[in-house]
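Taking the hints into account, I'd like the entire structure generated from these sequences.
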Amino acid sequence: MYSLPSARRKKKKVSRIDLIPILDVVFVLIFFLLFSVQLIHVFEIGTDLPVFKLEQTQPKKDKKKFELKIFVDNSRIRFTNSKNQQLISSINVDWDDKDFLTKINEEVVKIKKENPEETRVVLTPKKDVNYQNLVKFMDQLRSKKTNPTKADKLFEQIIFEN
Amino acid sequence: MIGKRFIRNRKRRAKKEMFDLELNSLLDILVILLVFLLKNYSISEVQLKINQGIRIPDSVSKSLIEKGVTLQLNKDLEVYVDEKLITSLKKSGVWNFSNKVKVRNELLSLKQNLEKIKMEEKGLKDMADVVNFIMDKDIDYQHINQLMKISTDAGFEQFKFIVLGG
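Heads up: the protein sequence lines correspond to chains G and X, in order.
First residue of the first sequence: 66, per the numbering used here; consecutive thereafter.
First residue of the second sequence: 54, per the numbering used here; consecutive thereafter.
Don't read these hints as lab results, they were simulated from the structure.
Computed from a predicted structure; not experimentally measured.
Do not take every clue at face value.
The calculated lysine-lysine pairs, modelled on BS3-like cross-linking and capped at a C-alpha distance of 30 Å, are [said to hold, decoys possible]:
| no. | chain 1 | residue 1 | chain 2 | residue 2 |
| --- | --- | --- | --- | --- |
| 1 | G | Lys-148 | G | Lys-175 |
| 2 | G | Lys-191 | X | Lys-144 |
| 3 | G | Lys-191 | X | Lys-213 |
Quick list of simulated restraints, FRET-style, between CB atoms [unchecked claim]:
| no. | chain 1 | residue 1 | chain 2 | residue 2 | range |
| --- | --- | --- | --- | --- | --- |
| 4 | X | Ile-170 | G | Ile-105 | 25 to 31 Å |
| 5 | G | Lys-175 | X | Glu-174 | 42 to 48 Å |
| 6 | G | Lys-128 | X | Ile-170 | 34 to 40 Å |
From the three backbone atoms N, C-alpha and C, an ideal C-beta is built for every residue, glycine too.
Here's what the structure looks like:
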């Protein structure tokens with residue numbers, strides 16, 4: 066018995082997935098993403114009201130024994146406790162040196178370990194401090210540099226004094 | 054007669070066979086493109102327009118931007134509030150009374166408008182308090198300080214420094 070020629074052709078037919086609907090979806094997705102993509106990743110560093118305004122709006126609660134206050138200028142950075150006006154430490158400035166930023170971070174981690182509840186830091190930069198350097202400095206205050214995790218947040222609440 | 058017809062028809066069928074486009078390679082490219090775009094997709098719904106000539110500082114911050122008034126200061130010390138040029142400190146290089154008042158008044162009118170909208174729409178609660186500072190990385194802190202003071206006077210309470218993520 067010979068089978069019909071048409072039946073033979075059916076057997077040989079290779080089944081193929083219809084890619085056209087997938088392609089349609091991918092095209093729509095690509096157009097959507099192309100219109101909303103941000104090739105430059107922009108983020109923010111938040112600060113609260115400056116100290117002079119905070120004192121007007123919120124009356125001082127002097128229960129705390131510690132408040133980190135940092136004086137920043139282009140030659141020296143001084144870490145102080147503003148509650149007892151005591152100098153904690155002081156570091157010579159070299160903004161281009163990577164070790165300098167590591168040193169700052171290590172100092173902040175040390176202070177945070179001694180005062181784990183504290184999240185606020187008051188910054189007092191000099192007028193001629195460069196903005197990029199200030200941002201670099203704020204980065205060191207906000208999180209641990211080496212292997213940071215969520216638990217390694219340091220002083221997230223930054224307030225400017227002057 | 055019937056057989057001849059059959060053979061002729063078969064030839065015709067062969068001619069009519071559809072041209073099959075090879076889509077696999079195209080799909081490969083599109084999937085790669087899709088992955089690249091998805092990787093660069095940002096969840097933040099805020100779109101900031103940074104003026105030409107402003108090079109914002111680099112940072113390791115990963116905090117997403119919030120909606121708010123934008124205050125821009127470029128290297129030539131020109132102050133823009135929501136992309137509108139308000140004043141320039143290029144000649145004097147310092148903040149005088151007139152410069153401060155110009156910026157303050159502009160911020161004040163924006164704040165009043167936002168407060169009005171805030172009364173109608175609850176979602177704008179935070180937006181009415183936020184100022185996004187877009188400033189050139191080479192400027193000095195004295196200008197940031199002045200702009201913060203002026204913004205505080207105008208009634209804003211939260212200041213966000215816009216930075217370039219690593």
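Do the hints match the structure? See the list:
A threshold of 30 Å between alpha carbons decides the hint, and for G/Lys-148 with G/Lys-175 the separation of about 18 Å falls inside it, so the pair holds. With a C-alpha separation of about 23 Å, the suggested pair G/Lys-191 and X/Lys-144 falls inside the 30 Å cut-off, and the hint holds. For the given pair, G/Lys-191 sits about 20 Å from X/Lys-213 by alpha-carbon distance, which is consistent with the 30 Å threshold. Remark: the range hint 25 to 31 Å for X/Ile-170 to G/Ile-105 is upheld by a beta-carbon distance near 29 Å.
Judged by the Cβ atoms, the range 42 to 48 Å given for G/Lys-175 and X/Glu-174 holds: they are separated by roughly 46 Å. Separation of G/Lys-128 from X/Ile-170 is about 39 Å and conforms to the stated range, judged on CB atoms against 34 to 40 Å.
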